[in-house]
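Chemist: Spelled out from the first residue to the last, the chains are:
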Amino acid sequence: MNITFTKVEGNSSGYWTFMALAGAVASLAPLTALYMFINGHHVTGMTNQVPWGMPIVMAVYLIGASAGSLVLSAMSSVFGRTEYKPFARIAAMLAVLLITAALMAIILDWGRPDRILVPFFHFQPRSMFSLNAILYNSYMLVGFLYLVAQFKNHEVWQKRLGLLAVFIAVGVHSGTGAIFGFVYVRELYGSPLLPPSFIAAALSSGTAMMIIVLHFTFQYTGRRLDERLIHGMARLMGVFMLIVLYFLFVENVTRAYAPKNYEAVSFLLLHGGKYTAIFWGGLIISGLVIPSLIVFNPKTSKAMGWILIASFLQLTGVLFERFIIVIPAQIMPLELFADKEITSVFMDGGYADYSVSLVEALYSVGLIGVVVFGFGLCIKLWPMIPEEAVHSSGDL
Amino acid sequence: MSLDRRDFLKIGGAMACGTALTTAVPIVSAMTEANETRADAGNQWAMVVDINKCPPDCTACYDACRKENNVPHFAEPALDIHWIRKVTFKQKGVPGAEERNMPVMCFHCEHPPCAHVCPVAATFKRKDGIVLVDKHRCIGCRYCMSACPYKARSFVSKHVEHEPGQNPDVPLRMHGVVEKCELCVHRVDKGLEPACVEACKAQGGGMAFGNLNDPQSEVSKIVRSGKATRLRADLGTNPRVFYVGI
Amino acid sequence: MLAVAVFLAVFSLPFVYNTFNVGIGGAGSVAPKLVHKKGECVRDADWMRRNHMQLLVHTREDAVREGVRVTDHGIKGCRTCHPNRAEFCDQCHGYVGVKPECWDCHYYPSKPEKTA
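Residue numbers (our numbering), protein chains in the order written: chain A, 1 to 396; chain B, 397 to 642; chain C, 643 to 758.
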């Protein structure tokens, strides 16, 4: 099978409008970061009670989508599913762009982003953050080299680097899950299941993102996309979503079994106000159950419109999942005693509150803008998209 | 001039040594001059708080800490910085349980979770057991705040300005980094007790500070008696702040 | 060609800025003039001019991490002989356009306080 990749011409007014819009949105990220740095973090919704807010949620989310799309890219070269070869470049490029945006999300959220060089000189191997810094950066590099190997059409290196990238992607995800999973003092963080469930959610959100990106890219560049390829990806997404559901079920049931966790689990699942609403409404129902029903129902599983709806729901659902992982654990009060009620001026013993401030919302949107802008630039500069994507075999 | 590999390495090595000698050595030797103090592993600083002696409305230790360490007061309670705070507690699930108070600060754990998660080792444990934040190094990632079981850490989310009446011996709180109780390390190195302990003793309160390794010190006597407990001992962090009367 | 021009323009921005503002010999810069105190510094003046930051940073690391408190070599040591920061640190730093953050937190007034 011979696939011809070509650049987009990028001279139409539509392209320039798209790039201008994306650039404007992308500039929000550095601008809001500068605003946060100059004023201090008191302009955000993050406090001493909830030190990690939306920027960390976004970082984790983008990392997830990145690893998901990389695995999809490696489908053809590593796992032998050659029908996905037309998407290998675009997926690998998105993986690199997304991890770049994720690193940006983390670093610009530091209290002192001006100390960017400090981690290069001081390394503390016991911290998941330091280990992740190595993983993220090597992942970025390997993803880039993998992309180069694809441009050179070097089969052997494509396979080797693809395999290496998949291994590192698993490491990246386990590492990201471990950031929270290793925090043993908070009931809703410490869990050995976080690393694997991170991988599952990464794969499902990565697939969902690829479906949306492919559909609209092929549509607006006037190229032919064989819908059967999308059907296969949608089924794959469905399987990943079921795995996410399973992990969520096991994690919460295990947690709920221990009496000391009654308060934490009932907070998350029953009386947590907006957090409970996001968990059930945003994540379980609209993020996992409805899309699963769509992609496994024979009537809707072959309809492009339905698949797109399922992908959008799943993509936002994983954003809610990341929110649920990062935020509620910090909302829960820390117990100084196992059996005593505590109160203080520092809000000990009480539920904290977190609401996303405008600054953080603009920052998060800006990060997505960075990815979209990079995407638009890359498809103009390099031949990323195939002339047409047709299923290699006659039928599935 | 032609150089073979060996000569090249020799010259390079000599140059590297020369650079090191001219810069590093004089500076290092300066550090070992007279009247030096150095954190000594022979001292393991610890604190004991007898909360039976805490009057309900006493704020001596908190006030002393804010004054000594230039801890500013931010109006929003969620952003305010607390190096030491007053925690009110009562037995859970018992009607009419008595309310009591205790001071809670950084416990300078033997196995500090904050130092374990710090990516740049800005938070570290000194040889004498005091857990410190190197504010010159902290990048403000706030991982330590998630990891601390005792909520001892505060992020400085605003700029703090120099004002008259501040303690010139202690720097101001630095914007964008995470800070916490330092066990008044600047006083301990001078042979003094932390400001909170001094203020508490002046009121006839129950705080004591001393060296756990010294069998004659007040803290090691109380700890040996078995009356002292630690908060969240189940976590295995082994705090160095003990409580009597909980 | 355009890209090179843009790059050069952005790259030379700090030089341009300093030339027209406070940089060495730039408009508005005043040549530093230290008030010489009697007595000796911890190193000779020439060495200090070039390397004082290394002495300070080593003192800082040792003081924070090891508890080594040799005040002569720290900021407090500077203050004993040069009580006025404006006449000391700020002069040269302003002249060369260097803005260390030390004084954001550390106490070193630009006007010496009258001791009561």
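Be aware that a few hints might be false.
Facing chain B, from chain C, some residues (calculated, C-beta under 7 Å) [stated by the list, open to error]: (1) Arg691; (2) Glu708; (3) Phe730.
In silico negatives: residues of chain B with every beta carbon more than 12 Å from chain C [unchecked claim]: (4) Asn448; (5) Ala474; (6) Lys486; (7) Glu495; (8) Ala517; (9) Phe520; (10) Arg533; (11) His571; (12) Asp610; (13) Lys617.
Don't read these hints as lab results, they were simulated from the structure.
The C-beta atom is built at its ideal place from N, Cα and C for all residues, glycine as well.
Chemist: Determine for every hint whether it applies to the structure shown.
Modeler: To see whether the hints hold, each was checked on the structure:
no., hint, result
1, Arg691, "violated, 15 Å"
2, Glu708, "holds, 6 Å"
3, Phe730, "violated, 17 Å"
4, Asn448, "holds, 33 Å"
5, Ala474, "holds, 23 Å"
6, Lys486, "holds, 39 Å"
7, Glu495, "holds, 38 Å"
8, Ala517, "violated, 9 Å"
9, Phe520, "violated, 7 Å"
10, Arg533, "violated, 9 Å"
11, His571, "violated, 8 Å"
12, Asp610, "holds, 18 Å"
13, Lys617, "holds, 25 Å"
Violated hints, in rising order: 1, 3, 8, 9, 10, 11; the structure is consistent with all others.
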